[in-house]
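There are 2 protein chains.
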Amino acid sequence: MEKRNLTLLTDLYQLTMMQGYYKNDTNNHEVVFDLFYRSNPSKNGYAICAGLEQAIDYIQNLNFNDADIKYLDSLNLFQKDFLEYLRGFRFTGDIYAIPEGTVVFPMEPLLRVKAPIFEAQFVETALLNIINHQSLIATKAARVVKAAEGDPVLEFGLRRAQGPDAGIYGARAAIIGGCAGTSNVLTGQMFDVPVSGTHAHSWVMSFDEEIEAFRAYAKLFPEKCILLVDTYDTLESGVPNAIKVFDEMKKEGLPMTFYGIRLDSGDLAYLSKKARAMLDAAGYKDAIISASCDLDEMLIADLKRQGAQITLWGVGTNMITSSDCPSFGGIYKLAAELHKDGEEIPKIKISDNPEKVTNPGVKKVVRVYDKATKKVTADIIALEHEQFNEEEELILYAANARWKKIKLRANSYTLRELLVPVFKAGQKVYESPNTMSIKAYAKEELDTLWEEYKRLVNPQIMQVVLSDKLYALREKMLENYKRD
Amino acid sequence: MEKRNLTLLTDLYQLTMMQGYYKNDTNNHEVVFDLFYRSNPSKNGYAICAGLEQAIDYIQNLNFNDADIKYLDSLNLFQKDFLEYLRGFRFTGDIYAIPEGTVVFPMEPLLRVKAPIFEAQFVETALLNIINHQSLIATKAARVVKAAEGDPVLEFGLRRAQGPDAGIYGARAAIIGGCAGTSNVLTGQMFDVPVSGTHAHSWVMSFDEEIEAFRAYAKLFPEKCILLVDTYDTLESGVPNAIKVFDEMKKEGLPMTFYGIRLDSGDLAYLSKKARAMLDAAGYKDAIISASCDLDEMLIADLKRQGAQITLWGVGTNMITSSDCPSFGGIYKLAAELHKDGEEIPKIKISDNPEKVTNPGVKKVVRVYDKATKKVTADIIALEHEQFNEEEELILYAANARWKKIKLRANSYTLRELLVPVFKAGQKVYESPNTMSIKAYAKEELDTLWEEYKRLVNPQIMQVVLSDKLYALREKMLENYKRD
Numbered sequence: 001m002e003k004r005n006l007t008l009l010t011d012l013y014q015l016t017m018m019q020g021y022y023k024n025d026t027n028n029h030e031v032v033f034d035l036f037y038r039s040n041p042s043k044n045g046y047a048i049c050a051g052l053e054q055a056i057d058y059i060q061n062l063n064f065n066d067a068d069i070k071y072l073d074s075l076n077l078f079q080k081d082f083l084e085y086l087r088g089f090r091f092t093g094d095i096y097a098i099p100e101g102t103v104v105f106p107m108e109p110l111l112r113v114k115a116p117i118f119e120a121q122f123v124e125t126a127l128l129n130i131i132n133h134q135s136l137i138a139t140k141a142a143r144v145v146k147a148a149e150g151d152p153v154l155e156f157g158l159r160r161a162q163g164p165d166a167g168i169y170g171a172r173a174a175i176i177g178g179c180a181g182t183s184n185v186l187t188g189q190m191f192d193v194p195v196s197g198t199h200a201h202s203w204v205m206s207f208d209e210e211i212e213a214f215r216a217y218a219k220l221f222p223e224k225c226i227l228l229v230d231t232y233d234t235l236e237s238g239v240p241n242a243i244k245v246f247d248e249m250k251k252e253g254l255p256m257t258f259y260g261i262r263l264d265s266g267d268l269a270y271l272s273k274k275a276r277a278m279l280d281a282a283g284y285k286d287a288i289i290s291a292s293c294d295l296d297e298m299l300i301a302d303l304k305r306q307g308a309q310i311t312l313w314g315v316g317t318n319m320i321t322s323s324d325c326p327s328f329g330g331i332y333k334l335a336a337e338l339h340k341d342g343e344e345i346p347k348i349k350i351s352d353n354p355e356k357v358t359n360p361g362v363k364k365v366v367r368v369y370d371k372a373t374k375k376v377t378a379d380i381i382a383l384e385h386e387q388f389n390e391e392e393e394l395i396l397y398a399a400n401a402r403w404k405k406i407k408l409r410a411n412s413y414t415l416r417e418l419l420v421p422v423f424k425a426g427q428k429v430y431e432s433p434n435t436m437s438i439k440a441y442a443k444e445e446l447d448t449l450w451e452e453y454k455r456l457v458n459p460q461i462m463q464v465v466l467s468d469k470l471y472a473l474r475e476k477m478l479e480n481y482k483r484d
Numbered sequence: 001m002e003k004r005n006l007t008l009l010t011d012l013y014q015l016t017m018m019q020g021y022y023k024n025d026t027n028n029h030e031v032v033f034d035l036f037y038r039s040n041p042s043k044n045g046y047a048i049c050a051g052l053e054q055a056i057d058y059i060q061n062l063n064f065n066d067a068d069i070k071y072l073d074s075l076n077l078f079q080k081d082f083l084e085y086l087r088g089f090r091f092t093g094d095i096y097a098i099p100e101g102t103v104v105f106p107m108e109p110l111l112r113v114k115a116p117i118f119e120a121q122f123v124e125t126a127l128l129n130i131i132n133h134q135s136l137i138a139t140k141a142a143r144v145v146k147a148a149e150g151d152p153v154l155e156f157g158l159r160r161a162q163g164p165d166a167g168i169y170g171a172r173a174a175i176i177g178g179c180a181g182t183s184n185v186l187t188g189q190m191f192d193v194p195v196s197g198t199h200a201h202s203w204v205m206s207f208d209e210e211i212e213a214f215r216a217y218a219k220l221f222p223e224k225c226i227l228l229v230d231t232y233d234t235l236e237s238g239v240p241n242a243i244k245v246f247d248e249m250k251k252e253g254l255p256m257t258f259y260g261i262r263l264d265s266g267d268l269a270y271l272s273k274k275a276r277a278m279l280d281a282a283g284y285k286d287a288i289i290s291a292s293c294d295l296d297e298m299l300i301a302d303l304k305r306q307g308a309q310i311t312l313w314g315v316g317t318n319m320i321t322s323s324d325c326p327s328f329g330g331i332y333k334l335a336a337e338l339h340k341d342g343e344e345i346p347k348i349k350i351s352d353n354p355e356k357v358t359n360p361g362v363k364k365v366v367r368v369y370d371k372a373t374k375k376v377t378a379d380i381i382a383l384e385h386e387q388f389n390e391e392e393e394l395i396l397y398a399a400n401a402r403w404k405k406i407k408l409r410a411n412s413y414t415l416r417e418l419l420v421p422v423f424k425a426g427q428k429v430y431e432s433p434n435t436m437s438i439k440a441y442a443k444e445e446l447d448t449l450w451e452e453y454k455r456l457v458n459p460q461i462m463q464v465v466l467s468d469k470l471y472a473l474r475e476k477m478l479e480n481y482k483r484d
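Protein chains in written order, with our numbering: chain A, 1 to 484; chain B, 1 to 484.
Accuracy of the hints is not assured; some may be wrong.
Identical copies look the same in the list; a pair holds intra-copy or inter-copy alike.
[Claimed, not checked] Each computed DSBU-like pair below joins lysine-lysine, with the alpha-carbon atoms no more than 35 Å apart:
#1 Lys-375 / Lys-356
#2 Lys-347 / Lys-219
#3 Lys-43 / Lys-454
#4 Lys-70 / Lys-374
#5 Lys-476 / Lys-375
#6 Lys-219 / Lys-404
#7 Lys-356 / Lys-274
#8 Lys-349 / Lys-274
#9 Lys-251 / Lys-404
#10 Lys-405 / Lys-340
#11 Lys-364 / Lys-219
#12 Lys-405 / Lys-364
#13 Lys-244 / Lys-43
#14 Lys-219 / Lys-70
#15 Lys-219 / Lys-43
Source of the hints: derived by calculation from the structure; they are not laboratory data.
Let the hints inform the model, and build the full structure from the sequences given.
Next up, the structure:
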């Protein structure tokens, strides 16, 4: 696929500030920004980060072309020398990121950008747009897949997605979050992921009789034959006609490895149980019953509780828009300035709201696993240079309640640093895995969480603690601020 | 801008059905599909339709290239002759549409596609994606702009939009819905709409002192100088420092035509009143007070009720995602088949849910205005060939309550057909107006509604009635269905 130039996909104020840095000759001052978020979407217990591949593409394709410069000039805001300077713009900094598909928690830097402020500031908006969107949908999909208890979930939301990209990259993110496939053909082509779909009501309506529509479909696609049975009357017409056609298929000796029905309206619990009984009685115990009707994770969980006999779920609008929580609150905040002599000046953003105070300094995220169970015990946000030793006792203090302590015995835990280098001095040093590998990795990631953290409602909250050094730095900076 | 090939932006089932039509030799059967919706988003009293320009681009750029055919072949679902046939695919039908920016109501065809079923079926998903997205955001923006009571509203949501397109086209739709500008530079470039923005907290934090940051900014952008005053302490530091800088600007004799402050946190009602008083006391009665902090139409209306002294509103996440209702329920349903002899066979989709029964036949939408006030009285969904005469009395029966009647005297009303030709025999016959013209048109459109229909909560419901002939057709078809 050809890469899009999204250079002007930014907020105007990034460019006005850049002119400011340029004019004040501070444009080359090195800074570190963190991209992180403050709370999980949908009151979930975690998020699945996603979008890094597209973020990398964006960075690599940054380029102010003639049309861009001409357009900016037309705004009567920018000076000629600044616009000329923009022509030579490229990203020269370092980016560390948590790989896509990783389970992440609030306050953890998902990306850490170290670059001249001119560049680090500029990339803020598009990075947030890309990471926010895909992390949102990957997380929502993980919830839906969880509710389906092992049944495959298909992403069907393109027609209600917020524009083409929301459909394309939303489907990618949904696959990362655990969906088995998508109806979106372009996503299938771009990311080599399974595509899925059979027919709509209009197919049935284009024939005089429902059974003719089913017969014609079965003849064409005997190996993937899911018949939509609710165009006229699900139990009186649709299911009996489907069974007749399955009988005909069997008589012809077709393989019938993937066949069944789809319900798209009505009481899915009732209809699926009745349909199951009818299919079983006719000898089609392996016929799939799929459903797709304004579903979300709560409805699926409820249908499961009611004993609905659905084995394949098509989820559209509510997943592709994350309808209960349609935005992921990723933000991008200055964490440090780096002086020429190598000195690091940590930066903190103060707020009246204590939850909005940022963590200063160049940081990393260290995940702590229980050695025996391989489950996550906690995450530590630490300063970059800090070292931890698995052969020593580790004491963790809860971030907002330092009197709460977890003491881990030496050799009872393992550690893993989550941020990996993606760009060094503007050069890409990371290869994005293909989407299906990311999906497999995300599944492994979810296996590292105890079930309590994955509950759809009221999940257990993962401990994300500050290292002693980071905590001390933050306290000192807050104390100095108070004294001013 | 280069046009994107979105040919594979579709649901797989469109292609499996197309192979079915092709194999059954029904692919050239002419059909009519309606794109319409069943209820207004956000419980609003109307919607603003948008996205037609991009829908037209999509249709014009449809083209299965070698890579597309190769990909489809790799799915092992499609036969070679069908794939070869796809290579020659182009849209050859007619499309009628309601122009962008028009006020529309549930059940009205926003697009009417007449084409061979092979083509009409294929374009469903992308048309819905595009029209659903932009109509959603245009409608949401109209609500936000309404709440601002004449103050300009700026679209600031790119970083939280659901991917790049949601930001780009969402901002376009927000402008159509009434926003004065957007922070999104790419949207500004692509659609020649005003872009806006000054600086962020990081600008202030990159200086040792807040006042230095303000001074540097004012020096660079004296003609558009909105200073963000909440980085440290709005009333103790931000506003006093802004006033000092305004004093310096005045002393230097700068024009000061567009200057002021921005609040981005805290109690906006309280802070804006205090800031207003401080600015006024310093002689800056025309200084703008802008605000941007998780706003939506309800919060803005509430701030207005509290007497907040905000005169410019920046609205991000909640508008760009339409957070309370993040999808627009546009659907695409078969309305008729056209036989070779010219006979029209109306089609109806039956549902257990009476609200989901479709309106059969080839239809048009006739808007009825009161001649004296020029306000909309009602809309009529009628059959295409029906004629109405303004010189005759007009009797309208409420759609779901035929006993409710509106009688309009001859010459007391005027009529307007909303659907206009966009494609004829595959040729584009419509020029999209530029975005700012659509915005101006949408404003005129909103002026044709009484205030009661524009209330944010519990609006009056516009009467959308069926013509007698359409009503009779529908009843007859339902009656025939019942007898089967």
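Hint check:
For the identical chains of this complex, Lys-375 and Lys-356 are intra-copy neighbours only, at 29 Å inside a copy versus 48 Å across copies, given an alpha-carbon limit of 35 Å. Taking the shortest alpha-carbon separations for Lys-347 and Lys-219, only the inter-copy value of 25 Å comes in at or below 35 Å, while the best intra-copy value is 67 Å. Taking CA atoms no more than 35 Å apart as the test, Lys-43 paired with Lys-454 passes in both settings, with 11 Å inside one copy and 33 Å between copies. For a Cα distance limit of 35 Å, the shortest separation of Lys-70 from Lys-374 qualifies neither inside one copy, at 56 Å, nor across copies, at 44 Å.
For a Cα distance limit of 35 Å, the shortest separation of Lys-476 from Lys-375 inside one copy, 34 Å, qualifies, whereas the shortest one across copies, 65 Å, does not. Taking the shortest alpha-carbon separations for Lys-219 and Lys-404, neither the intra-copy value of 66 Å nor the inter-copy value of 51 Å comes in at or below 35 Å. In the homo-oligomer, the alpha carbons of Lys-356 and Lys-274 lie at most 35 Å apart only across protomers (23 Å), although the nearest pairing inside one protomer, at 53 Å, exceeds that limit. Taking the shortest Cα distances, Lys-349 and Lys-274 sit within 35 Å of each other only across copies (24 Å), while inside one copy they are farther apart (59 Å).
In the homo-oligomer, the alpha carbons of Lys-251 and Lys-404 never lie at most 35 Å apart, since the shortest distance is 69 Å inside one protomer and 57 Å across protomers. With identical chains, the CA atoms of Lys-405 and Lys-340 are never at most 35 Å apart, being 39 Å at best within one copy and 80 Å at best between copies. Taking the closest pair of Cα atoms, Lys-364 and Lys-219 never come within 35 Å of each other, the shortest separation being 58 Å inside a single copy and 38 Å across copies. For the homomeric pair Lys-405 and Lys-364, the shortest alpha-carbon distance inside one copy (21 Å) is at most 35 Å, but the shortest distance between copies (70 Å) is not.
Taking the closest pair of Cα atoms, Lys-244 and Lys-43 never come within 35 Å of each other, the shortest separation being 46 Å inside a single copy and 44 Å across copies. Taking the closest pair of Cα atoms, Lys-219 and Lys-70 come within 35 Å of each other only across two copies (24 Å); inside a single copy the shortest separation is 58 Å, beyond that limit. With identical chains, the CA atoms of Lys-219 and Lys-43 are never at most 35 Å apart, being 47 Å at best within one copy and 45 Å at best between copies.
In this structure, the earlier hints numbered 4, 6, 9, 10, 11, 13, 15 are contradicted, and the remaining ones agree with it.
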